[in-house]
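Protein chains: 2
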Amino acid sequence: MKKQNKKVSPVELVIVGSIGLDTIATPETRRAGVLGGSVTHACAASSFFVKTGMVGVVGTDFPAPFLSLYKRIGLNTQGLQRLKGRTFRWSGVYEADMNNRRTLKTELNVLAQFDPVLPEPYRSAPCLFLANMQPGLQLRVLDQMKAPRYTVVDTMDLWINTARSEVEAVLKRIDMVTLNDSEARLLTGQSNLFRAAAHIRKMGPSHVVIKKGEHGAMLFSPAGTFLLPAYPVSQVVDPTGAGDTFTGGLMGALAKCGKINEAAIRQALLVGSVMASFCVESFGPDGVATLTPEAIRKRLRAFQAMLSTKGGRA
Amino acid sequence: MKKQNKKVSPVELVIVGSIGLDTIATPETRRAGVLGGSVTHACAASSFFVKTGMVGVVGTDFPAPFLSLYKRIGLNTQGLQRLKGRTFRWSGVYEADMNNRRTLKTELNVLAQFDPVLPEPYRSAPCLFLANMQPGLQLRVLDQMKAPRYTVVDTMDLWINTARSEVEAVLKRIDMVTLNDSEARLLTGQSNLFRAAAHIRKMGPSHVVIKKGEHGAMLFSPAGTFLLPAYPVSQVVDPTGAGDTFTGGLMGALAKCGKINEAAIRQALLVGSVMASFCVESFGPDGVATLTPEAIRKRLRAFQAMLSTKGGRA
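Protein sequences, first through last, are from chains A and B. Mind the numbering: the first sequence is residues 1 to 314 in our numbering, read in order. Mind the numbering: the second sequence is residues 1 to 314 in our numbering, read in order.
The list makes no distinction among identical chains, and a pair is therefore deemed to hold if it is satisfied within one copy or across any two copies.
Okay, derived cross-link-like pairs now, DMTMM-like style, lysine to aspartate or glutamate, Cα gap no bigger than 20 Å in a straight line:
| # | residue 1 | residue 2 |
| --- | --- | --- |
| 1 | K259 | D175 |
| 2 | K172 | D143 |
| 3 | K51 | E294 |
| 4 | K212 | D181 |
| 5 | K212 | D97 |
Keep in mind that the hints were calculated from the coordinates and are not lab data. As the structure is a prediction and not an experimental result, all values here were calculated from the model.
Can you build the whole structure from these sequences, using the hints too?
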């Protein structure tokens, strides 16, 4: 047996957000105790590209196999807190077309006490993804980062409605925001997405990504607008976590590429879309976590061929 | 004054379908007596690219200014029939989001006697667009064409429900079909658009274009799949005719290019999308008919930049 001097890779991307146990009802089936939360989905995607440090909180009831999954996919879990009590739980139901969902129940549990303290090695990471959570906590994370090269934030209608000034304070300090079309309209009062995006860019972020689910995404940046259809899957099993998987994949690809320019960001959006397409094909993060790099590359090549205005096979 | 020996350009594209007077209600306003019909919208778009011969029927009440418009945009109107009676009339109302519309009233009038006879010079045209109409009439047109290089057909739920065997007979004889997502599902019984398109390709056409309105279009061909978002407009005034404008622009660009290959078809889809974007910005065909070639080229360049996965301005 060879002895190896195992070197710990430095964290290149920090992802902070929720970890939860989901109960998900789709028109086809119902699953309880599914591993979920924004950090889970985002990290499952980014872990293929760069060393990712996760920050989140679980309760004492958090199943050991889920902890093992985090380790198995190579995450740095130093930022994972375990508090006395029950893990955050979310329960929701999807309508027949899978485009709309209704939250049935939210139990914050230990998430109510979450204080996102970043382990020292995380603080000098070049990239940061603040996944959806209370914007006051997002500000606390930003305060701990030394000099990140690129930061992205996700938010939701709840915070826009209840903590707008904190949402605005976050937007002033980050490079990119990802949000869905209805959230962009809610945040700006503009129904037209071009005007909404221009409005949001004036609030701080140079890059605005509007997510439209099965209809793709739009990027608004200093270089103009980029329209990206979604990678079409043959069957949507569970859309939960697709948005976080998208941004996790996007940030993983961007952090790996190292260059932050328009071309790199557009390519990273393609990667995010491909990762999200794998996410919706199964429950929880397993579909993404068990991928091979070759399966990702293959679908990315197929996607690029589908987007080529010049024609030609993958 | 110079005397010119005016040479009549040969017809490069024949478009057959309906001509009507529309009454359109949108959430903002209501207009009556708007020039409409599939041929009108399709020809307004194609006329920028190639000499287009129109085939359709109007009544004795058809306003002279509308005939002048056809001439002014350079259409060959030899195939335009004028029958005793009233022109076809359609009346519809759009819902708040402009995505769904309800037909309030249809008066066939002279359209009920329509027999699409092609003038001799049309019969050797290289390209043909059979816009939406009774599929029996579409078959009659196909019988009169000598040896078209490329033919496209559009259809609708009404014919799929009431004249399926004739729709199938048309599909066997054409190169491309354009239809919207719900029609593709209705025609095949497949909810997944990939499977629906594969099914339709087995029915005859090598190319299937599924139109998704503001969400763009998908092309299914022997070379694979092409995903195209819609060109985003800042304000939709009236979507009536957008689908016909799309296919008219597509066929105009394809006929002008002369080459029928995957790259040419994908580029033609971009042109169709750009023409449709102009269509929805105003009532009737005027928004398209009054364009300049430079305005079209400018929007096409902007669209190409929005679709570039490599980044970069127009």
